[in-house]
Amino acid sequence: MSKDPRVEAALNHWAPRFVANGIPLTDFQEVTASIERWEDWCSAWADRGAIHEEMGRQALDAGYGLSAGEHLTTAGVCYHFAKFLFVNDVEQMRATHMRAVECRNLALPHLLPPGERVEIPYEGKSLYGILRKPADIADPPVVILAMGLDSSKEEMGAYERLFLERGLATCTFDGPGQGEGEYDFGIRHDYEVPVGAVVDFLEGRSDVDAGRAGLWGVSLGGYYAPRAAAYEKRIKACIGLSGPYDWGAVWDSLPDLTRNAFTVRSHAANEEEARDLAKKLSLNGVAPEITCPIYIVTGKLDRLISYTDAERLAAEVSGPVELLVIEDGNHVANNRAYRYRLQTADWMADQLHAAG
434 MSKDPRVEAA LNHWAPRFVA NGIPLTDFQE VTASIERWED WCSAWADRGA IHEEMGRQAL
494 DAGYGLSAGE HLTTAGVCYH FAKFLFVNDV EQMRATHMRA VECRNLALPH LLPPGERVEI
554 PYEGKSLYGI LRKPADIADP PVVILAMGLD SSKEEMGAYE RLFLERGLAT CTFDGPGQGE
614 GEYDFGIRHD YEVPVGAVVD FLEGRSDVDA GRAGLWGVSL GGYYAPRAAA YEKRIKACIG
674 LSGPYDWGAV WDSLPDLTRN AFTVRSHAAN EEEARDLAKK LSLNGVAPEI TCPIYIVTGK
734 LDRLISYTDA ERLAAEVSGP VELLVIEDGN HVANNRAYRY RLQTADWMAD QLHAAG
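Position one of the sequence shown corresponds to residue 434 (my numbering), numbered consecutively onward.
Read the hints as simulated data drawn from the structure, not as lab findings.
Keep in mind that a hint or two might mislead.
[As the list claims (entries may be wrong)] Derived EDC-like pairs (lysine to aspartate or glutamate); straight-line CA-CA distance at most 20 Å:
| # | residue 1 | residue 2 |
| --- | --- | --- |
| 1 | Lys712 | Asp623 |
| 2 | Lys669 | Asp633 |
| 3 | Lys713 | Glu760 |
| 4 | Lys713 | Asp572 |
| 5 | Lys712 | Asp679 |
| 6 | Lys733 | Asp709 |
| 7 | Lys666 | Asp623 |
| 8 | Lys669 | Glu760 |
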């Protein structure tokens with residue numbers, strides 16, 4: 434039996450991301466080999482997540498905090514990938530997502546350095562994030578990590594580590610239409626609004642230097658971060674990974690999984706309404722407002738967002754720009770993570786004058 438085209442699409446576009454962001458290779462191979470129908474995607478990944486969760490809870494009970502943190506983080510990543518595009522069954526998706534959140538929250542006190550779940554006031558309710566600070570550094574600069582369409586804060590440990598090792602605090606948050614934020618708030622094009630709320634929150638903290646705040650965004654977050662940096666001038670440096678220049682312009686070429694997820698997470702009544710919102714997610718006329726330093730990464734083999742979008746953004750910004758085009762990189766170049774992850778972390782540390 435041939436695999437469901439939706440399963441094939443998920444693997445063709447995102448396979449390297451799973452392993453680069455914390456899924457053990459054998460888990461990836463075994464779970465994906467077992468799935469024929471998209472309807473079985475969420476439960477198959479949740480079953481694997483449960484194995485790691487059980488080991489994490491056993492380690493907690495035995496007093497092995499470091500091991501518990503690692504097992505529970507892996508469980509959270511498994512549960513995240515169970516739900517990442519599973520919008521065809523929102524009830525199942527949300528229940529699995531809550532398991533990801535629970536496991537990551539249980540892991541946070543046992544990480545090196547530890548993490549703190551934070552609640553960020555936003556439009557009368559809250560957005561949720563994870564704040565981590567490098568050890569033995571007072572008032573570190575802070576990098577705000579912005580998610581894409583199908584990522585969430587529970588997936589971001591691999592990226593957080595790179596900044597933390599370089600003396601930068603991290604504030605990874607789920608914005609509108611993302612992770613925990615997707616249930617109360619739909620996607621919005623003016624992402625400077627939620628980013629502004631995060632900076633406001635950080636300015637109220639005494640343990641990070643919000644005057645040295647950077648912003649990082651991945652995939653659709655590679656649109657959100659530059660957009661926010663254009664208008665939220667408290668952002669001192671920005672990294673954009675494989676973001677679209679104009680989401681509406683690529684709408685018809687996107688996988689069905691992606692369009693469906695955008696429709697659900699934008700709280701649109703139908704795909705036409707979602708398409709209308711997608712047209713607002715454009716950097717046309719916005720890019721020249723970006724005056725802070727920006728580092729843009731793209732892969733020439735990206736089949737979701739053409740590398741030419743990154744080239745156009747780089748040509749139009751008004752501030753200092755670094756453009757890295759990875760010749761054999763796929764979407765977010767996760768198949769060549771070593772070509773940009775360390776380099777962008779070093780760059781951000783330089784821009785924010787980190788002490789690490």
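Now for the hints, and whether the structure bears them out:
no. : hint            : verdict
1   : Lys712 - Asp623 : 12 Å, holds
2   : Lys669 - Asp633 : 15 Å, holds
3   : Lys713 - Glu760 : 30 Å, violated
4   : Lys713 - Asp572 : 37 Å, violated
5   : Lys712 - Asp679 : 7 Å, holds
6   : Lys733 - Asp709 : 28 Å, violated
7   : Lys666 - Asp623 : 14 Å, holds
8   : Lys669 - Glu760 : 29 Å, violated
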